[in-house]
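Chains as they are written, first to last, in the working numbering: chain Z, 51 to 550; chain F, 51 to 550.
Where hints are given, some of them may not hold.
Pairs count within a copy or across copies, as identical chains cannot be separated in the list.
In silico DMTMM-like pairs for lysine to aspartate or glutamate, Cα to Cα no more than 25 Å straight-line [said to hold, decoys possible]: (1) Lys430 - Asp229; (2) Lys530 - Glu480; (3) Lys535 - Glu443; (4) Lys535 - Glu130; (5) Lys335 - Asp93; (6) Lys470 - Glu480; (7) Lys530 - Glu444; (8) Lys106 - Glu130; (9) Lys530 - Asp416; (10) Lys371 - Glu508; (11) Lys335 - Glu119; (12) Lys335 - Glu61; (13) Lys530 - Asp478; (14) Lys430 - Asp220; (15) Lys162 - Asp469; (16) Lys430 - Asp107; (17) Lys430 - Glu61; (18) Lys470 - Glu513; (19) Lys470 - Glu508; (20) Lys522 - Asp168; (21) Lys335 - Asp98; (22) Lys162 - Asp517; (23) Lys522 - Asp494; (24) Lys522 - Glu119; (25) Lys522 - Glu318; (26) Lys535 - Asp93; (27) Lys430 - Asp74; (28) Lys162 - Asp140; (29) Lys535 - Glu446.
Don't read these hints as lab results, they were simulated from the structure. Values in this document were obtained by computation on a predicted structure and should not be read as measured data.
2 protein chains.
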Amino acid sequence: MQIVALGGLGEFGMNCTVIRHGRDLLVIDAGLMFPEEQVYGVDIVVPDFSHLEEEKDHVRAIVLTHGHEDHVGALPYLFERVRAPIYGSDFTLGLAARKLREHGLPHDRHLKRVAAGDAITAGPFRVEFIQITHSIPGSLALAIETPSGTLIHTGDFKMDQTPVDDRRFDFQTFSYYGDQGVLALLSDSTNAEVPGFTDSERRVGEALDGLFRRASGRIIVSTFSSNVHRIRHGPPGRAVVVAAGSQGEPMSALSRIALGDHRDVSLEAGDLVILSARPIPGNEKAINRVVNHIFQRGAEVILGGRPPYHVSGHASVEELKIMLTLTRPRYFVPIHGELRQLLSHARLAERTGLPRDRILLAASGDVMEIGPQGARIAGKVRAGRVFIDGSLEEVEEIVVRDRRHISEGGIVLAVEAIDKQTGALDGDPEIVSRGFVHEEVRGDMLREASGVVRRAVEAATREERADRGVVKALIQRDLKRHFRKSLDRRPMIIPAIIET
Amino acid sequence: MQIVALGGLGEFGMNCTVIRHGRDLLVIDAGLMFPEEQVYGVDIVVPDFSHLEEEKDHVRAIVLTHGHEDHVGALPYLFERVRAPIYGSDFTLGLAARKLREHGLPHDRHLKRVAAGDAITAGPFRVEFIQITHSIPGSLALAIETPSGTLIHTGDFKMDQTPVDDRRFDFQTFSYYGDQGVLALLSDSTNAEVPGFTDSERRVGEALDGLFRRASGRIIVSTFSSNVHRIRHGPPGRAVVVAAGSQGEPMSALSRIALGDHRDVSLEAGDLVILSARPIPGNEKAINRVVNHIFQRGAEVILGGRPPYHVSGHASVEELKIMLTLTRPRYFVPIHGELRQLLSHARLAERTGLPRDRILLAASGDVMEIGPQGARIAGKVRAGRVFIDGSLEEVEEIVVRDRRHISEGGIVLAVEAIDKQTGALDGDPEIVSRGFVHEEVRGDMLREASGVVRRAVEAATREERADRGVVKALIQRDLKRHFRKSLDRRPMIIPAIIET
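Please take these sequences and the hints and turn them into a complete structure.
Next up, the structure:
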């Protein structure tokens with residue numbers, strides 16, 4: 051049996067795990083990642099599914115553990131290439147269906163609703179869905195029975211003893227499989243560095259209730275939009291506004307409220323804004339900007355702090371140890387985290403008594419092979435990141451690289467008309483730049499550069515001139531040198547030749 | 051008397067405050083800011099000093115409170131425009147001199163060394179330097195006596211009772227001025243939201259000592275490079291490596307050590323890396339990347355946590371209240387912070403008993419006027435941000451704007467040769483793009499676009515063709531529409547015409 055993650059190992063987001071037995075494949079989740087390349091017009095990042103595309107006829111099922119973007123956000127890109135039945139809870143499939151619809155992908159007969167306790171069969175795999183607790187409804191873990199043994203995939207989980215929807219974490223079923231024998235445990239590493247036990251979601255409700263009772267003005271609450279457990283408060287006779295945008299997203303409702311240009315909500319002194327979410331690393335500055343604007347309008351802001359106005363949806367160290375002890379796996383694969391979380395989780399497993407050689411630390415693309423002789427990383431398949439822009443289309447890596455280059459130093463175009471017969475310049479070379487220098491102020495610089503181009507063409511031999519590629523390279527070389535010497539700048543330089 | 055901040059109010063960094071009495075000016079600090087525009091080739095941001103440039107003959111002195119970049123980093127850009135004596139402590143002037151040297155600015159006879167307890171006279175201003183404690187040696191507060199009354203400017207401070215260099219916070223002098231009567235207090239707002247009392251720097255030493263005693267491998271410590279109080283540890287017989295790069299800066303020593311390409315230090319399993327610094331908002335992802343690489347090499351990482359491996363250099367709420375109580379100012383101006391810190395500091399002052407109408411909440415550029423009839427915002431002077439790139443030169447705002455536009459959608463150039471006499475196309479229009487689509491894969495797209503340009507020119511009337519500006523606008527309009535319709539993308543479009 052083989053396990054390959056196409057994303058989510060050594061990186062946050064883009065979770066997608068493939069289980070292979072013989073020729074048959076089972077895919078678990080198809081998530082996206084929010085990119086650092088956002089400034090380069092990249093909206094989301096999805097896994098490179100070409101490995102699955104090659105094997106599309108052998109994919110028996112796509113199983114979704116829950117509806118967060120990092121688990122279902124890339125589903126349309128997978129489903130475009132691989133048509134297989136998709137299993138998930140009611141809530142998860144609701145979100146999945148919407149995504150498939152947005153991409154114009156017919157899907158009705160592929161969606162298969164399951165609930166905790168159900169089991170399905172797909173090729174050689176039997177998958178039982180297990181009730182867990184997490185920060186979105188309808189989250190499930192998986193027990194995957196294969197001819198080689200049973201795998202437990204936790205999905206994203208915590209062990210909430212008092213969940214808001216009263217669907218408790220199912221210790222019994224995990225314990226049952228632990229008794230029967232688990233070949234490998236794949237477990238959520240997000241909070242493997244966080245000591246203790248994660249607070250119950252119910253505590254947030256209590257904390258918000260306390261705030262609601264004390265507040266004198268209006269209340270605006272912002273939270274992760276999938277965290278619907280928090281969207282039921284509001285004492286009678288008092289309006290509570292729930293606004294998206296807890297991460298400072300510029301076009302969100304909360305941002306617009308903060309800036310005073312929301313159609314329906316305008317903040318006043320005495321109003322209270324509660325950010326019931328944690329800042330995702332990288333968003334701190336954007337959140338700060340929103341908070342400053344809220345203060346400017348005289349409203350109060352609460353973010354973080356005690357009593358908990360936000361709790362994590364992921365298991366902390368003590369819960370992770372319970373999961374290891376309950377399932378007693380032969381092999382352990384920490385999943386869902388950057389390398390530092392995976393490593394901390396691995397060390398944790400060692401401390402619970404698992405020998406180091408039974409822990410598989412893998413990166414996205416690594417092929418983990420588990421057999422009678424043991425477990426090992428047996429190879430690598432194609433895996434990587436595909437950039438997607440606002441039009442839902444791929445942005446190739448070279449395009450992003452060019453955008454980055456230009457964004458750092460600007461672009462200079464040297465346009466010259468060259469006589470087809472003689473190879474001589476026809477008219478003056480024209481220099482056009484953007485993001486380089488302020489052209490209105492630096493007209494002299496453009497004239498100088500035009501002279502550099504003219505001299506480069508005139509200095510070329512007849513043979514060189516006959517080859518447009520050579521002429522372009524000469525112009526590029528001379529202009530590059532010229533700008534470095536005269537301005538200490540390194541723009542992208544593009545010679546363009548028109549033959550007349 | 052007037053007080054104007056050219057930076058540092060409502061923004062973090064770029065601290066620069068101007069005190070005016072009659073025609074005479076005193077400048078306090080000239081700091082820089084690290085930009086969000088980093089991806090657009092902007093290395094640092096400095097205040098727009100044009101207001102001071104206009105008044106350069108009336109600037110009596112530049113006073114530096116301490117040597118952090120957000121207080122002295124823009125000094126060369128100020129000194130280029132305004133030659134005035136520069137006062138500061140030995141340590142501060144050492145850092146300042148180096149900066150002036152880098153810019154080739156002769157400065158020897160302008161630097162005037164002072165120590166705590168010294169007083170200088172500059173025009174109508176008498177400035178006494180007061181010993182405070184902060185996270186860099188040689189930090190001083192200022193008591194500025196003017197004919198209208200005394201101002202206290204705290205600089206950046208905390209009230210460390212056990213400083214590492216034994217230079218204790220000078221309660222007596224603040225108390226003395228409080229007794230004599232303080233017209234206005236300008237006080238550091240950085241930690242106005244942090245309850246309690248900031249830990250002593252000495253506790254970091256104790257915490258690090260504890261780690262050093264337990265560590266079995268090598269130790270690498272990274273801290274803010276100006277925090278020299280922390281750079282004296284190292285038990286005999288044990289090497290401690292102090293490496294810059296606590297913020298994850300890609301070219302720093304720590305980054306290179308983490309990536310395994312540092313000339314002198316290579317990490318091994320069992321080594322310990324201590325990040326004795328806090329993540330500055332916006333740097334979290336870069337720091338995370340470094341930590342992941344350190345883990346990958348098998349070393350341990352300690353960042354944050356208790357006992358304190360880092361403490362702030364700024365006063366918390368209790369200290370800020372003591373400062374207000376000690377100096378008993380008539381007016382209060384919270385400085386050094388984003389709006390949310392300034393506002394929290396203002397509320398704090400109200401709670402200590404200062405009436406709301408004696409608290410001046412101003413933004414950079416606001417002219418605060420304090421006179422016998424009271425205090426008010428009396429107007430605005432030119433203030434703003436100037437972008438500086440790696441060559442130490444200004445990058446104009448329009449250049450940054452163009453870089454941003456291109457970085458989001460790429461750039462398309464439509465090059466056409468037009469016959470001077472007839473206005474007709476000479477040869478085929480050439481389409482060149484970068485950061486737009488993968489040209490090798492999308493050659494069809496370029497040919498289509500060339501056709502769009504041809505048709506745009508051919509459809510133009512004889513009169514339109516006579517005006518190159520009109521022809522360019524027509525080409526731009528048609529190409530823009532074409533790309534939006536066919537690809538749903540919005541590149542920057544630049545038509546370039548060569549006359550033949």
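Homo-oligomer pair classification [Asp140, Lys162; C-alpha up to 25 Å]: For Lys162 and Asp140, only the intra-copy Cα distance (9 Å) is at most 25 Å; the inter-copy one is 74 Å.
Between the shortest in-copy and the shortest cross-copy C-alpha distance, which are at most 25 Å for Lys530 and Glu444: within, between, both, or neither? between (31 Å within a copy, 20 Å between copies)
Is it within, between, both or neither when you check Lys162 against Asp469 at 25 Å Cα-Cα? Cα proximity of Lys162 and Asp469: none, with 67 Å in one copy and 66 Å across.
Can you tell me if Lys335 and Asp93 fall within 25 Å by alpha carbon in one copy, between copies, both or neither? both (18 Å within a copy, 18 Å between copies)
Status of Glu443 relative to Lys535 across identical chains (alpha carbons, at most 25 Å): Intra 40 Å, inter 14 Å, cutoff 25 Å: inter-copy only.
My question is about Lys430 and Asp74: at a cut-off of 25 Å on alpha-carbon distance, are they close within one copy, between copies, both, or neither? within (18 Å within a copy, 72 Å between copies)
Are the CA atoms of Lys470 and Glu508 at most 25 Å apart within a copy, between copies, both, or neither? Cα proximity of Lys470 and Glu508: in one copy and across copies (15 Å, 23 Å).
Indicate which option fits the pair Lys470, Glu480 if close means a Cα-Cα distance not exceeding 25 Å: within, between, both or neither. For Lys470 and Glu480, both the intra-copy (18 Å) and inter-copy (15 Å) Cα distances are at most 25 Å.
Cα distance capped at 25 Å. Does Lys335 pair with Glu61 within a copy, between copies, both, or neither? Answer is both; intra-copy 22 Å and inter-copy 12 Å each pass.
Classify it for me, Lys530 with Asp478: is the Cα-Cα distance of at most 25 Å met within a copy, between copies, both or neither? For Lys530 and Asp478, the Cα distance is within 25 Å only inside one copy (19 Å; across copies 28 Å).
Given identical chains, is Lys535 near Glu446, meaning Cα to Cα at most 25 Å, within a copy, between copies, both, or neither? For Lys535 and Glu446, the Cα distance is within 25 Å only across copies (20 Å; inside one copy 33 Å).
At most 25 Å between alpha carbons: which applies to Lys106 and Glu130, within, between, both or neither? Result: close within a single copy only, 11 Å intra versus 67 Å inter.
Checked against the numbered hints given earlier, the structure breaks hints 1, 9, 10, 14, 15, 20, 22, 24 and 25 and satisfies all the rest.
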